[in-house]
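Chain by chain, the residues:
Number of protein chains: 4
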Amino acid sequence: MTPGEALAAECARYTAMGWMRGTSGNLSVVVDRDPLRLAVTVSGKDKGELAPDDVVLVDAEGNTDDPVRVPSAEAALHGRIAAVSGAGAVVHVHALAPVVAAEHWPGGVELRDLEMLKGFGRYAHDDVVVVPVVPNNQDMKVLGDAFEEGFRPDVPALLVARHGVYVWGDDLYQARHRLECLEWLLRFKVETSRR
Amino acid sequence: MTPGEALAAECARYTAMGWMRGTSGNLSVVVDRDPLRLAVTVSGKDKGELAPDDVVLVDAEGNTDDPVRVPSAEAALHGRIAAVSGAGAVVHVHALAPVVAAEHWPGGVELRDLEMLKGFGRYAHDDVVVVPVVPNNQDMKVLGDAFEEGFRPDVPALLVARHGVYVWGDDLYQARHRLECLEWLLRFKVETSRR
Amino acid sequence: MTPGEALAAECARYTAMGWMRGTSGNLSVVVDRDPLRLAVTVSGKDKGELAPDDVVLVDAEGNTDDPVRVPSAEAALHGRIAAVSGAGAVVHVHALAPVVAAEHWPGGVELRDLEMLKGFGRYAHDDVVVVPVVPNNQDMKVLGDAFEEGFRPDVPALLVARHGVYVWGDDLYQARHRLECLEWLLRFKVETSRR
Amino acid sequence: MTPGEALAAECARYTAMGWMRGTSGNLSVVVDRDPLRLAVTVSGKDKGELAPDDVVLVDAEGNTDDPVRVPSAEAALHGRIAAVSGAGAVVHVHALAPVVAAEHWPGGVELRDLEMLKGFGRYAHDDVVVVPVVPNNQDMKVLGDAFEEGFRPDVPALLVARHGVYVWGDDLYQARHRLECLEWLLRFKVETSRR
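So the protein lines, in turn, are chains E, D, R and F. To convert a position in the first sequence, counted from 1, into our numbering, add 34. To convert a position in the second sequence, counted from 1, into our numbering, add 34. To convert a position in the third sequence, counted from 1, into our numbering, add 34. To convert a position in the fourth sequence, counted from 1, into our numbering, add 34.
In isolation and in its complexed conformation, chain E is listed as follows (with noise of 0.2 Å):
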């Protein structure tokens, strides 16, 4: 599968469990290192639409040499994820319990002794997980440096406050089963905090 297949298969996905409403979310996979270099989706289409070459390459600041397509808006950001964190694929979608969760917690989501956070890479007894939670931001810089100084390498996940969240992984499979998994562990804390 090439990256335009497999991303244009996950937004599918996504789209279908009404993570990617409208035309929003992005999705990438790391094509190199170094330097570093991005397949993103494109911005404007239908996720649940995408043809294997809506994706476009970027650099680490999401800029493309690209004639015709335009990367997502968010491109820089994934850049500045897949930099800092190491991870060869990053995902961003607009479920709702994440953002729900970040508004009721807006320094941090703690989640701890959950069995789910084994899928989100972590122990599912005494640890403690913080989920940081960011000020929404159109300028990538002001979110990137705000992710930044809250990243933590056990955390995979960035909660953005009233838009979105962002997880990685190794690549897009490791991703999609922290998404998966961190959105469970949300939606729980939403629920049982709701009683």
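Calculated directly from the structure, the hints in this document are not laboratory data. Fair warning: there could be bad hints in the mix.
Any copy, or any two copies together, can satisfy a pair, since identical chains are not distinguished.
Said to hold, decoys possible - Using 25 Å as the maximum straight-line C-alpha spacing, the simulated DSS-like pairs for lysine-lysine come out as follows:
id : residue 1 : residue 2
1  : K175      : K223
2  : K152      : K223
3  : K79       : K152
4  : K152      : K175
Note that the coordinates shown come from a computational prediction; the quantities given were computed from them, not determined experimentally.
Starting from the structure of chain E, add chains D, R and F where the hints point.
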């Protein structure tokens, strides 16, 4: 794709999302501007099972000279919205969250500082969007007048209390994306106001 | 389509919506009026996997002379509803919202001034609809008597507390649309009463 | 159908329902009774994409002599449940409602007077069912002892707090139906206790 094929495909999509229960909801596209002519889904059929010819041509008042097909009773409001807003497509569905939001905020639903507003054609920051709410009515003239009174060119949606939501755009594709984003925004608003 | 094919198709649809968990729920169509004969789904099978011959002919009391197939235990209530209401199809599913609504309003669930009531065969304004709630019982005679006592020709549904919902219509198509609209109405009622 | 084909099909079904996020959850069928041998899903794979040979044979303690495949870490608990209960199939998923219910009622979740209990192998009236809740643990010996201490032959399920649910039956088909009904029952319980 003919207008009928496009309308049937969009209806099937919304039905699968649970937004067109029973035979409810209706979609239209403008096929002529001067004078205004719209292709609108027929009345009384399961919206998940429309055929490409389950569509009827109406004028700005929702009247047709089709000898067989009955347009949706709400065709006149589609015509009014298309005439006033200049939209090329109008979608009307009975998603739950918009109706719940209209119930909670009958004076209009205020949204601001949410990234998803970009998918609704607005800004993610410092941009107050008030989605108007009008009381339900079976007289399309009354509904249309209420719509027009609250109309603002930068708010491409109307909530009809205890009924459903109208969203419009240049074409079905843009209307779909705006609807998907608005539904998300209203779910977020309802969810986070509950706690 | 034979009655068996139609019943299997509707069951698969409701199963996909999560309304026929396990082997629960049952659907019927009237195949003869005088004397009354219904085709009803068999007992004990996964309702998402019915074959066209997983259907059994029963009389008004739910009895069959089929040497092999076992009708649903609730076939007698289907017969009673068809006899009393004149319906041509009866659907019984275990959607969650109807049972939650019956729990909250054990004296009957009042609905009014909601557009979706039109999909239930009523008016959208100034028309008070009370969906009757009866206590659960394993004796179909007791359930049937309770149904008949509360029966009104203009309310084509019955809520069985801590159990499920019955909806009927001229045919499976109309029953489906009424059920879909009623489920929406009850979700709306539960949702908006919570806040 | 081979055990591997059946397990893969059931996993795909549960994944589509959102009950096997990431690589979580595991299913097993008994292939031999004396001595006990189970076919259990492999560890670490996306449960929506299992192949028929993504299954591994284990003994009652969850050990395998398979040179390649790694059984789920929880295989030993599957073995224990199959040995103690006599079940022919055990399913373990991470549906949300069971974990929320276990959080609200850590001493066991009481269910009674609900029709859906019949789909769980019990009575719809005057039959008090308490689904046991045990604390989560990574040691299958500890979990198994807790399971056995609370085991009653008439309650074919176990809730593991902050983790997930185990349900068993004669075969995968019966286990599926019991799981589907139990999940419904626990959602109903959580929903109606909230108001």
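Broken hints, numbered, in rising order? 1
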